[in-house]
Amino acid sequence: MQLVKEELTPRLRRPVEFSSWRKQLQPYVGTPGNAAITVICIALIAITVQKVIGWLFLDAVFTGTPTACKESDGACWPFFASKLRFMLFGFYPYDEHWRPTASLLLFFAACGISMNPAFWGRKLMVLWGCVLAVCLWLMLGGVFGLSFVPTSQWGGLPLSFMLSFVGLAGAFPLGIALALARASKLPVIRVVAIAFIELVRGVPLISILFMASVMLPLFMPGGMTIDKLLRAQIAIILFAAAYVAEIVRGGLQAIPRGQYEASAAMGLHYWQMMRLIVLPQAIKIMIPPLVTLFIGFFQDTTLVVIVGLLDFLDTVRSAMREPQWQGIAVLEGYLFAAVVYLFFSTIMGAYSRYLERYFRMGHD
Amino acid sequence: MQAASDSRWRVIYDLRARAIFYQVACAAAVVLVATFLFKNASDNLAKQNIATGFAYLWREAGFVISQSPIDYQPADSYARALLVGILNTIRVSALAVVLATIIGTLVGIGRLSSNPLLARLMMLYIEVLRNVPLLLFLFLWYAIIVTTLPPVREAITVLPHVYLSNGGFVIPSVAWTPSLTGVAIAGVLGIALAVLTVRAMRARRIATGIERRSWPLATAAALAPVAIAVLILRPTLDMDWPTPGRFRISGGAQLMPEFVALLVGLTLSASANVAEIVRSGITSIKKGQWEAAASLGLRRPLTLRLVILPQALRVIIPPMTSTYLNIFKNSSLAIAIGYPDLVMVSNTTMNQTGQAIEPIALFMLVYLSLSLAISVFMNWYNARVALRG
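Note that the protein sequences, when read in sequence, are chains A and B.
Under our numbering, the first residue of the first sequence carries the number 1, and numbering increases by one thereafter.
Under our numbering, the first residue of the second sequence carries the number 1, and numbering increases by one thereafter.
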């Protein structure tokens with residue numbers, strides 16, 4: 001009977017049940033490693049917050065002249081007070097600034113309406129057509145009592161939004177055409193589409209912009225000139241089309257074969273099949289990646305600096321380089337621009353994630 | 001009459017005839033547009049008296065390139081200047097690829113940390129870098145280097161012989177000698193030998209079932225050629241220590257502020273993408289895989305190496321390819337801050353020769369072929385790690 005244990009096994013403690021606040025703290029200090037990470041992170045955050053508050057408020061200059069800013073280590077708020085409108089609208093005539101403001105507000109309102117998937121449909125397309133026409137009229141003027149403002153005076157935030165939004169909107173039909181051509185059974189059409197898509201995707205946007213600004217004038221029939229802004233816009237549309245085409249291709253591939261076969265069995269021909277059956281389903285799959293692409297293009301339009309257009313980043317830079325502010329508001333300017341880009345991109349990113357969830361839940 | 005119109009309609013409704021018609025129309029449109037553009041271009045060039053052709057490549061370039069990995073003088077040809085540009089592009093993008101992969105992997109793992117504070121901080125890092133234009137960051141880093149660092153005369157000494165100033169970074173370098181090249185070749189040879197050894201031993205293990213440690217022999221195979229090379233060639237390490245002078249720091253390797261700003265900008269913005277890719281790769285592996293490996297008796301490092309990574313790589317490689325291609329293409333933003341990469345050299349060439357089409361065509365060709373080379377390599381690697389069978 002030696003194998004039989006005679007003494008009682010001591011009662012094990014029951015698992016520790018932490019009170020709610022200790023449970024909350026568990027991931028932060030539960031293990032020595034996590035505790036060390038927490039301490040380091042808190043220290044980093046504390047130092048950063050202290051520096052930022054010091055720079056933004058404690059050491060900052062709130063009113064005064066550039067010279068006052070130069071002597072201080074902190075942020076220079078007078079820079080924003082005197083330069084904000086220039087940074088937003090560039091060289092657009094000062095008295096007419098209400099026009100780009102109105103266009104932007106109109107554009108944002110249309111965007112806000114379009115964000116709700118319940119409104120998607122024909123009517124929304126008509127609305128967008130009207131909104132873009134009114135925006136163009138407001139910006140360009142020349143008819144119905146508004147004075148004419150040439151595109152060479154456009155700049156700032158409206159220009160950034162215009163280049164990226166019109167770029168993507170214009171690229172959309174072209175991208176669909178390219179994707180359909182790439183999926184075509186006809187070898188010549190397929191090869192032309194593949195050549196265009198791969199060529200554009202293989203080179204940086206800068207090279208396409210260079211082509212548009214330097215080479216395009218050479219390719220036009222004698223004496224014909226195209227507006228500089230329009231040239232950049234065409235370049236962005238062509239560039240975006242190749243990327244849209246790849247997204248559309250992904251959307252087309254996601255449609256089950258049965259849909260194609262069923263529509264063929266119903267006697268629909270190619271264009272009916274695409275227009276009535278395939279594309280309406282594919283577009284829903286394509287919208288989240290298209291929003292992501294738009295975020296990318298909103299940032300990539302900053303490259304038009306290189307061909308001499310004043311987009312938002314470049315109006316900020318011009319404001320910083322003005323003689324009286326030269327070398328004083330460098331950090332202020334770039335951080336302001338960064339915050340603006342961050343703001344819009346974050347909204348769009350959140351919207352893209354919302355859409356993905358929305359479609360996953362199976363609303364149709 | 002009836003029969004004739006029938007046969008006519010039959011041609012129009014014949015799918016093959018239509019296919020031929022569409023393709024001929026498409027080809028004709030492409031050819032027409034191309035001839036139209038070509039004719040306009042040659043008319044315009046003739047009118048403006050601009051030379052055509054690539055003869056300019058062999059003429060003297062006559063402009064200075066501030067940094068070059070190979071020997072370059074303004075008296076050299078445009079072709080050599082272009083080569084310098086290509087090498088500069090490759091240098092900065094290759095470095096950025098390596099650094100972004102390392103930093104991005106660490107950030108991606110940190111993003112999955114069980115510590116919410118670290119995970120949130122990493123999320124913030126990723127979001128900020130992804131949502132602010134790269135060009136803005138390039139301007140910002142460049143401005144920070146040029147305006148906040150002291151002038152060369154008061155350069156900060158971070159480590160002994162490492163100097164930071166607004167003229168760039170200076171680090172010690174090694175004077176390269178032929179015998180060092182010999183040692184480097186021996187090193188490559190050694191690595192190849194080690195790989196072969198490991199493969200041979202694995203084949204034997206599979207054939208015989210006898211397990212032997214492969215690393216001692218592999219290490220020996222890797223080190224032996226280097227040791228032999230060192231013994232025969234007896235290379236001497238001539239360190240080039242930078243010494244601060246009155247106006248400039250002489251010696252050492254000089255990293256220009258443009259190069260540093262571009263490298264930091266490319267690396268950081270790509271590291272955010274890499275982090276997201278690594279995170280999605282790791283989270284795509286189901287928990288069951290860890291548990292199954294544990295129940296087979298594999299320890300954690302082995303599980304990671306044999307079970308998790310091979311599956312995660314399958315998810316990681318394709319988006320990683322496009323991130324690498326983006327780094328390479330984004331390096332063309334160098335022109336905005338004045339780093340003499342391919343685009344900037346081409347731009348200078350364009351301004352000096354007045355010829356626009358040829359330099360642009362050349363640099364687009366270089367980008368296309370290098371992009372193609374990167375994607376072919378990554379596709380080959382992807383095919384290796386992809387599911388077989």
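The hints are simulated quantities; they were obtained by calculation from the structure and are not laboratory data.
Just to be clear, a hint being listed does not mean it is correct.
[Claimed, not checked] With a straight-line Cα cutoff of 25 Å, these simulated DSS-like cross-link-like pairs (lysine-lysine) come out:
| id | chain 1 | residue 1 | chain 2 | residue 2 |
| --- | --- | --- | --- | --- |
| 1 | B | Lys47 | A | Lys228 |
| 2 | A | Lys23 | A | Lys51 |
| 3 | B | Lys287 | A | Lys23 |
| 4 | A | Lys228 | B | Lys287 |
Hints versus structure:
1. B:Lys47 x A:Lys228: This hinted pair holds, its Cα atoms lying about 22 Å apart.
2. A:Lys23 x A:Lys51: Between lysine 23 of chain A and lysine 51 of chain A the Cα gap is close to 32 Å, so the pair fails against 25 Å, i.e. violated.
3. B:Lys287 x A:Lys23: holds, 24 Å
4. A:Lys228 x B:Lys287: Roughly 56 Å separates the two Cα atoms, so the pair is violated.
The structure shown violates the earlier hints numbered 2, 4.
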